[in-house]
Amino acid sequence: MQGDLVIGGKKFKSRLFVGTGKFSSADVLKKAVMASGSELVTMSVKRVHLHGERDEILTPLRELGVTLLPNTAGARNAKEAVYAAQIARECLGTSLIKLEVHPDQRYLLPDPIETLNAAEELVRDGFTVMPYCQADPVLAKRLADAGAACVMPLAAPIGSNRGLLMKEMLRIIIEQSEVPVVVDAGLGRPSDAALAMEMGADAVLVNTAIAVSGNPEKMAAAFRKAVAAGREAYEAGLGESFNYASATSDLSGFLKSLDEEQNR
Amino acid sequence: MIVSINNEKKTVRDGTTLTELLLGEKIIADAGNLSGIAAAVNEKIVSKKDWNHYEIKEGDSVDVFSMVSGG
Amino acid sequence: MSFYDEALSIPFSDMTERVMKKTARDVEAALARDDDSRNLDDFAALISPAARPFLMQIAQKSFTLTRRRFGSVINMYLPLYLTNLCSNDCSYCGFSSKNKIERKCLTPKETDAECRKMHEMGYENFLLVSGEHKDYGIDYFAEMMPIVRKYASFIQFEVQPLQTEDYTRLRSLGLDAVCVYQETYNPEMYKLVHRHGMKKNMRFRMETPERVGEAGVEKVGLGALLGLSEWHADSMFVAMHAKFMRKHYWNTKVAISFPRLRPACGGFEPGYPLDDKDLIQLMCAFRLFDPELELTISTRERPAFRDAVVPMAITAISAGSSVQPGGYVERNDDLAQWKINDSRPVEEVCAALKRHGLDLVWRDTRVRA
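Residue numbers (my numbering), protein chains in the order written: chain A, 1 to 264; chain B, 1 to 71; chain C, 1 to 369.
Please note that a few of the clues may not be correct.
Said to hold, decoys possible - Per the computed footprint, the stretches of chain B lying under chain A, defined by three or more beta-carbons under 8 Å from a beta-carbon of chain A, are:
1) 25-38
2) 42-49
3) 53-67
Since the hints were made in silico from the structure, they are not lab data.
Owing to the predicted nature of the structure, the values given are computational and were not obtained by experimental measurement.
Ideal Cβ placement from N, Cα and C applies to all residues, glycine included.
If we strip away everything but chain A, and leave its shape as in the complex, we get (with noise of 0.2 Å):
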């Protein structure tokens, strides 16, 4: 859709959004992140480790002033999801809440039917859901009559780095969504991202191809190039917009007088 990106209220300059997992350190992440221009990053919630090492990045994180967005990461159906997201909402205090689930440990794919009563039951008690899922038309369509407050398809399983292996279910979703579309998972690179705006999402996120980049903050500012570039594209008109209003409209006027002729 045209205009600003706006979700569950908040406003996005940035359309890209960025995930904190598998970065070598807080630096390298809070790096990777500025560079991105991200103003969106995800997170997990997890029970803490009581004797090990505290994954501090909340500190850092909160500095460059991101929007915050946990994610329910680990859990394997609707209940564990909708605790997730409870918890998440107590630790920061937000009601923002990227909606997995998935069983699967293999290949990381979401449950659909899990998602979508999560996402029931999280929009009744007042959380505004971003449902990650796959890249199903039909379940798009579920997830936002439920009231989600955009739709997270993935387009590759989570850090194949395939690229938009679901490219022409995931045209349908554009095409057919009331809510934002946010192409999440499996853009391997900044052509990928690039794509994906270019055909209509209104944002991507990506996590594995910065974090595990020989470069992250390099690869970050690529991304955000690729992003930048991909939408201005849209936005000027891929294709076939050719304004060939005058030109038929002259065309069926003079159709119009030839039948007009033969009438007569």
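Please arrange chains B and C on chain A, whose structure you already have, making use of the hints.
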């Protein structure tokens, strides 16, 4: 009394509050700064504003959560 | 095997049948096909009567494909009639040897004067036209080339079929394109209307584009005289001919013209007339069949028709034309080949095109060695 914190058994004095428990286990350093963490007792979330007067009982299972990196 | 052998292996009426039995389903399939992948069968569907309800859709698709391939460019060309002296007797043509009209063949001086006038009108793309006569053949043309070359940056010929070496010779003198319209691919009709003269030789005429290709001429123009025979079939053969040229002479650009049979001296009436919608449908169908084709429309067609259809499919037009030898310096309609229906001055035609954001190109600015 014996309670468990994130599945680890601990002995604490009767009437310990959640705040005291977390301070004691060095999960929090400062009772004034509880940002970024949450606690549940027997899988029921206890709101941070209640930690100061929430007393743990014998056999309670306390779970403490914080935000970590993740995609 | 030349195209003549290929074409004549298909009975003309079979081609008509092939088009007529197309259904709305076939048309939808043709429309849905990927651009650049439509075949002769799709073309048959698109020109069929079943496609008439889809006319606006076809036209819109044609518009998109034309813009995509050619941008907003329309090439402006102007015909220069060198002679109207002809030894052929063709029943449909105003220049037929049987017709008692005044004949004129331009001298070099007259050609120079015409070219200067044409250049003053803004043109540098000249289409040289002549009748067929032994006294006005390759040597005459070769003599005219340097004169025309002074004023034109793109030179096309629409004269009698010549030999390969003639085209080679003319090419070295600056020939850029050759138009040779088969008139009809129907051997019976062809025999009927070409009563006398060299033009009777259907094979020689039909193989001309191949000789043009052999000579390395940049572009060849194909077409049928629409309405002479069953026009659906003739159009299929034109499409086949275009495909043949693409396959065997990949270096040669192909252009299609749509001369629609018009009343001429002698009163020849088309046996298979096309109405305006037929012609629009046909032009747009060619665009969908092969987006690379250059499609031309002349001043045979009237203003309202031209203005409506040019943006949808056309890449080259003439305006302010004279279809008689010497007509730019001094007009004498007794010498004309056919009646011009768009006699608007050039400026008026251009204004109509510019309204649609079309960009008129007058000269060929490519670097030539």
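The hints, checked one at a time:
Look at the region 25-38 of chain B against chain A: 6 of its residues bring a Cβ nearer than 8 Å to a Cβ of that chain, three or more, so the hint holds. Counting residues of the region 42-49 of chain B whose beta carbon lies closer than 8 Å to any beta carbon of chain A gives 4, which reaches the threshold of three, so the coverage claim holds. For the region 53-67 of chain B, the stated coverage by chain A holds: 5 residues have a C-beta nearer than 8 Å to a C-beta of that chain, and at least 3 were required.
When held up to the earlier numbered hints, the structure conflicts with none and fits them all.
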